[in-house]
Each structure stands twice: as structure tokens, then as C-alpha cells.
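Chains A and B supply the protein sequences, listed in that same order. Quick note on numbering: the first sequence equals residues 1 to 270 in our numbering. Quick note on numbering: the second sequence equals residues 1 to 309 in our numbering.
Derived from the structure by calculation, the hints contain no laboratory data. Among the hints, a few may not be true.
No more than 30 Å apart at the CA atoms, straight line, and that leaves these computed lysine-lysine pairs for DSS-like [claimed, not checked]:
{"hint": "1", "chain 1": "B", "residue 1": "184", "chain 2": "B", "residue 2": "130"}
{"hint": "2", "chain 1": "B", "residue 1": "184", "chain 2": "B", "residue 2": "214"}
{"hint": "3", "chain 1": "A", "residue 1": "35", "chain 2": "B", "residue 2": "143"}
{"hint": "4", "chain 1": "A", "residue 1": "266", "chain 2": "B", "residue 2": "130"}
{"hint": "5", "chain 1": "B", "residue 1": "214", "chain 2": "B", "residue 2": "15"}
{"hint": "6", "chain 1": "A", "residue 1": "102", "chain 2": "A", "residue 2": "35"}
{"hint": "7", "chain 1": "A", "residue 1": "102", "chain 2": "A", "residue 2": "266"}
{"hint": "8", "chain 1": "A", "residue 1": "269", "chain 2": "A", "residue 2": "102"}
{"hint": "9", "chain 1": "B", "residue 1": "143", "chain 2": "A", "residue 2": "266"}
{"hint": "10", "chain 1": "B", "residue 1": "249", "chain 2": "A", "residue 2": "269"}
{"hint": "11", "chain 1": "B", "residue 1": "214", "chain 2": "A", "residue 2": "266"}
{"hint": "12", "chain 1": "B", "residue 1": "214", "chain 2": "A", "residue 2": "35"}
{"hint": "13", "chain 1": "B", "residue 1": "143", "chain 2": "B", "residue 2": "130"}
{"hint": "14", "chain 1": "B", "residue 1": "143", "chain 2": "B", "residue 2": "184"}
{"hint": "15", "chain 1": "B", "residue 1": "143", "chain 2": "A", "residue 2": "102"}
{"hint": "16", "chain 1": "A", "residue 1": "102", "chain 2": "B", "residue 2": "249"}
{"hint": "17", "chain 1": "B", "residue 1": "130", "chain 2": "A", "residue 2": "269"}
{"hint": "18", "chain 1": "A", "residue 1": "35", "chain 2": "B", "residue 2": "130"}
{"hint": "19", "chain 1": "B", "residue 1": "214", "chain 2": "A", "residue 2": "269"}
No experiment lies behind these values; they were computed from the predicted model shown.
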Amino acid sequence: MTTITRAPGRTAAATAPPASVRIMAALERYLTVYKRNWHGSIFSAFILPVLFMISIGIGVGGYIGTIDGWDYLSYIVPGVLASGAFQTAIGESTFPVMGDFKWTRGMHAMRATPLRIFDMIAGWQLYIQIRVFCGAVVFLIISALFGAIHSPWVVVTPLICALLALSTAAPVSAFSAGLDNDSYFSLLFRFVVIPSTLFAGVFFPVSQLQPFFRLLAYASPLWHGVVLCRAAMLGGPTPWPIWIHVTYLVAFSALGLWWADRAYSKRLKD
Amino acid sequence: MTQEPLIFARGLVKKFGEFTAVDGIDLEVAPGEAFGFLGPNGAGKSSTMRMIGCVSSPTAGELRILGLDPDRDGPRIRARLGVCPQLDNLDPDLTVFENLTTYARYFGIPRSEGRRRAQELLEFVQLTEKASSRVDPLSGGMKRRLTIARAMVNEPDLVLLDEPTTGLDPQARHLLWERLFRLKQGGATLVLTTHYMDEAEQLCDRLVVMDAGKIVAEGSPRELIDTYSTREVVELRFGDDAPSAYVEKLAGIGERIDPLPDRLLLYSADGDGAIGEVHRRGLVPSSVLVRRSTLEDVFLILTGRTLVE
Numbered sequence: 001m002t003t004i005t006r007a008p009g010r011t012a013a014a015t016a017p018p019a020s021v022r023i024m025a026a027l028e029r030y031l032t033v034y035k036r037n038w039h040g041s042i043f044s045a046f047i048l049p050v051l052f053m054i055s056i057g058i059g060v061g062g063y064i065g066t067i068d069g070w071d072y073l074s075y076i077v078p079g080v081l082a083s084g085a086f087q088t089a090i091g092e093s094t095f096p097v098m099g100d101f102k103w104t105r106g107m108h109a110m111r112a113t114p115l116r117i118f119d120m121i122a123g124w125q126l127y128i129q130i131r132v133f134c135g136a137v138v139f140l141i142i143s144a145l146f147g148a149i150h151s152p153w154v155v156v157t158p159l160i161c162a163l164l165a166l167s168t169a170a171p172v173s174a175f176s177a178g179l180d181n182d183s184y185f186s187l188l189f190r191f192v193v194i195p196s197t198l199f200a201g202v203f204f205p206v207s208q209l210q211p212f213f214r215l216l217a218y219a220s221p222l223w224h225g226v227v228l229c230r231a232a233m234l235g236g237p238t239p240w241p242i243w244i245h246v247t248y249l250v251a252f253s254a255l256g257l258w259w260a261d262r263a264y265s266k267r268l269k270d
Numbered sequence: 001m002t003q004e005p006l007i008f009a010r011g012l013v014k015k016f017g018e019f020t021a022v023d024g025i026d027l028e029v030a031p032g033e034a035f036g037f038l039g040p041n042g043a044g045k046s047s048t049m050r051m052i053g054c055v056s057s058p059t060a061g062e063l064r065i066l067g068l069d070p071d072r073d074g075p076r077i078r079a080r081l082g083v084c085p086q087l088d089n090l091d092p093d094l095t096v097f098e099n100l101t102t103y104a105r106y107f108g109i110p111r112s113e114g115r116r117r118a119q120e121l122l123e124f125v126q127l128t129e130k131a132s133s134r135v136d137p138l139s140g141g142m143k144r145r146l147t148i149a150r151a152m153v154n155e156p157d158l159v160l161l162d163e164p165t166t167g168l169d170p171q172a173r174h175l176l177w178e179r180l181f182r183l184k185q186g187g188a189t190l191v192l193t194t195h196y197m198d199e200a201e202q203l204c205d206r207l208v209v210m211d212a213g214k215i216v217a218e219g220s221p222r223e224l225i226d227t228y229s230t231r232e233v234v235e236l237r238f239g240d241d242a243p244s245a246y247v248e249k250l251a252g253i254g255e256r257i258d259p260l261p262d263r264l265l266l267y268s269a270d271g272d273g274a275i276g277e278v279h280r281r282g283l284v285p286s287s288v289l290v291r292r293s294t295l296e297d298v299f300l301i302l303t304g305r306t307l308v309e
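Construct all of the structure, not just a fragment, from the sequences and the given hints.
So, in C-alpha cells, the structure goes:
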């Protein structure tokens, strides 16, 4: 029979572990959970983008000809890559985040330990980065097999996807942390995710849009990710200077992280 | 030399908007003590526990946990606490074993050490055979035991148990009490909230009775009973008649009479003598029970209400 013995009044010099250890502990939890549930993500992360390439890139592209001098498949592959990162980031920042507050209460479990609220957020964002990175690498390998890569700058696209994912996942996590009802997610998908995917430059240049809708496309982090990926994979210029696109995504990320910290704190501190 | 209390609170207040959940309580919990908060739902027990657990800031008053300030040193304090919350928050997708090893990592415990402690703790809570099972299929009692094991994974100085046996069947409750009693024997400092008087009597060296955010009494279970109640209580039932109709007829018997919706409680040092007097007055109860006073009676006397309403 095991007996757990404690010395009364022991004042161990236990201290909170350093930030890097705390963040990695949170990441480890998410990866351990993912190890159990990874099967469900295979279709959306790997198979769906390939189906997109075949059906729209090759099938529809056969009727379209070229855009900006590129065959349609080559034109949309960078967009589909960015769009995959965008959708993974949003998918992982909606139901899983709300569920961790409301259903499993995993956030409350972590909150009772030395982890700080920012550690939980950082661990989750790192987990999303790993998911997005793996998805991007597999997608790029498949794109290469289809002959859709035309510049050595393709190697920076996982970094662009990482930044796009952070700029999307951080604010959406904050949004999800504040919810008690998952019906708001259908609004998010209908009015943000689907319009962004369709109109933020993935399938055609936003210059085709009316000025008002073009402004909405510019506001979407996805458009900035798409044009950066396209420039890297096709070797062409970006519509605006690169630093503006990058700064926009960095600013979105920073604001999103700040909002997430507030939203998580509101939920966990009282 | 007197040891510094693990919990020290003076004038502790917690408000949520206009609502005052905790209304200026004073507390001290010594190392090695098993201390309880007894009170009905909404008494302020869980709000107090959340402040002690450094996940909720006091609105006013002074609070020191393990000699540290929760607002400034929250993570340092939490590194030395073990928390068993009222609502289960185990990871349902992970195995029983992974729930412990993953949690150990939050405290910076190396993986090999986490695995060693997980094995030891699963044996302690009698869940070794379930180590590779997922959490979802476990019974409520098993989940509670796993949550308690998880709370011990960092070898805490102070274990906080918020309603540890609520919702469990009697057998599961007794098994859990037995495990908690062993922890207490091992020297752990336990702080628990409960609205079960038998749980408080079984586990607590000392407790406070809370009602409407205030502490209304403090002492060991025995002291509280001796101070506020009589040695024995007679429970009388009178068929279909309302118990309150008999209060006047029983006046003067025992030290106090409390009519409840279904029965009358007659407090007396001598229960059998009190029953004799009831019969001498020509009253014929449909049922009579003489029992020892409990904390439930203390709570009723102090607040005019029962613990579970």
C-alpha cells in the first residue's frame, strides 16, 4: 500500500519554472492531445488542398488560360497554401479554444498551476505553428510534384504561413475565449472565413473587385499572406512594398495576442 | 517557535459587481492541519478557495498564502499548491497516466520523475489498472480520485479540495475519505469545502461555518457541537399535522425546538427524558428518533436553515 507522506510545514523552496519551460509544458499538452486526435485533421490539412489543386487548378484552370502570365495552377497554388494556413489557424482557434474553457475546462486546470495566462496562449500558438508548418511543407512537396514552384524563395513560404497563422489565430482565439455559445462560430465562418477565402486573392487578383470589396480584401490578413506567398513562389513583385504586408500581419498578430490575453484573463481570473 | 500559518487572511472580501460573495472573513490555517469550510451552496466557500488558490484576486482585505502575496507571487504559490476543483477538469482525450504526467510538466517536473510520481500516485488512489484507460469511461468516483492524485503530483505544501465528494455515491465517498485521511496522516495540510456535515466531521481537525459570505462559527467539530448544540437531539414526526403546530405544546421540553417542514427537532441533553415528557403531555408522535447532535444541527441553530436545501 502506497502512503504519500508529507512533512507538516515543509516550506520547500519550490519556485515557478521559467517561462520557456512553462510554455513548452502547455505546448506538450496540446501535442499529446493531438497525438490522440490527429486522424481527423488529415483530410482538411493535406487531402483538401490537393483536391483544390486538381479540381480548380487543373480542371477550371483549363478554361481560364493564364493570369499575370502564369498558368492558372501556378497562380492559385500560393493562394491555396496561404488559405490552408488561414483555415487551420481558424479551425484550431474556434471550437478547441472554447471547448477548453467551457467543456473540458482544461484552461482552468492549467490556471491552477504555475502557468501564467500568456504561457497558455503562447503554447497554443506554438502548437498551431507546428500544425501549419507541417501542412505547408507537405503541400509544397505536392506542389513541386505538380510543377507549380518557380522560385527558390519558396523556402520562406512556411515563415509567411506562420505569420499569417499567428495573425489569424491570435484574434480568433481571443474571440472564442469570450464566447459561451458556439452559434457565433457560424457567423464567423459565413461572414469572415468563406468570403476571405473566396475574395482575398486566392483564386483571382483583387483588382477585379469593386473598390469597396477590394478594401475589405486588403483588410483581411489572408490577402497579405497570399500576395507574399505568391511573390515568393513565382518570383514576382508584391502589390505593395513587402515591409507593409509584413508589418500589417505583425500588427494583427500583436493586437490579437493582446486581445487574447485580456479575453483569457477575463475568463480565468474571477 | 510558532510556525507561520500557511493561510493567513484578515478582513478578506470578494465582490462580483454589487454582490458580496465573501464578506470580511479572518482565517489562519497551520501546517499539517485539516481545515474545512462548511456551508450551503452560495455561502462563499468556493470564492474563498479561489482566492486561496491564487486564481481570483481579493476585492479587499489581507491575504497571504505560504507567507507570500497572491497578487504578486501567484505562480510561485501555485507551484506549491495542489488543487482539486469542484468541477472535473481532467483531459478527456488523454489516458489516466497521461493526465498525471502532462500535469506534472506544468510544474517543471522532468518527464522521468513525472512518470515515477504518476505510478506512485495511481497506486495510492487505486487506479493502477486504469493507467492506460481514457478518462471518459471512468466512474465519477474514479475521476475524483484521479483529480486528487493529479493535485498531489507536485508534492504540494497545501492541498485545496473544493467539494471533493459532491455527486458521488456513498461507497465512492467513503473510499475517497479513506484516501484523504491517509493523506492527512501522512502530514499533508488539507483545506476543503463541503456542505456535507459528515464529511466535515470525518476529515476536519478544525472548521469554519460559513453563511452568506461570513464566518458564523469556528472550532473543531466537537467544540462546535458542544458550544452551539445539545448532546442529543430528538426527531419527532406527527403524522399529517404540520410540525409547527406542536411547537407550543412542546414548549419547555429540552433547550430548544426547531420545526422543519417534515419533523420537529427537540434539543436536549437527555433525549430519553425529553421523550418521556412528550408522552406525559399526552402527545403521540408517529415516529421518534433520538440521536447525537451533529454539525447539521449546529448549522441549523446558527442560521435557521439546513445545509442542503
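Quick rundown of the hints versus the structure:
1. B:184 to B:130: Within the cut-off at roughly 25 Å; holds.
2. B:184 to B:214: Cα-Cα ~27 Å, so holds.
3. A:35 to B:143: 22 Å, holds
4. A:266 to B:130: 36 Å, violated
5. B:214 to B:15: Given that 30 Å is the threshold and the Cα spacing comes to 13 Å, the pair holds.
6. A:102 to A:35: Holds - the C-alpha atoms of residue 35 of chain A and residue 102 of chain A are around 22 Å apart, at most 30 Å.
7. A:102 to A:266: 14 Å, holds
8. A:269 to A:102: Holds, at roughly 15 Å.
9. B:143 to A:266: 28 Å, holds
10. B:249 to A:269: 54 Å, violated
11. B:214 to A:266: OK: residue 214 of chain B and residue 266 of chain A at ~26 Å, within 30 Å.
12. B:214 to A:35: Measuring from Cα to Cα gives roughly 47 Å; hence the hint is violated.
13. B:143 to B:130: 11 Å, holds
14. B:143 to B:184: 20 Å, holds
15. B:143 to A:102: Since the Cα atoms of residue 143 of chain B and residue 102 of chain A sit roughly 18 Å apart, the hinted pair holds (cutoff 30 Å).
16. A:102 to B:249: 54 Å, violated
17. B:130 to A:269: 34 Å, violated
18. A:35 to B:130: 20 Å, holds
19. B:214 to A:269: 22 Å, holds
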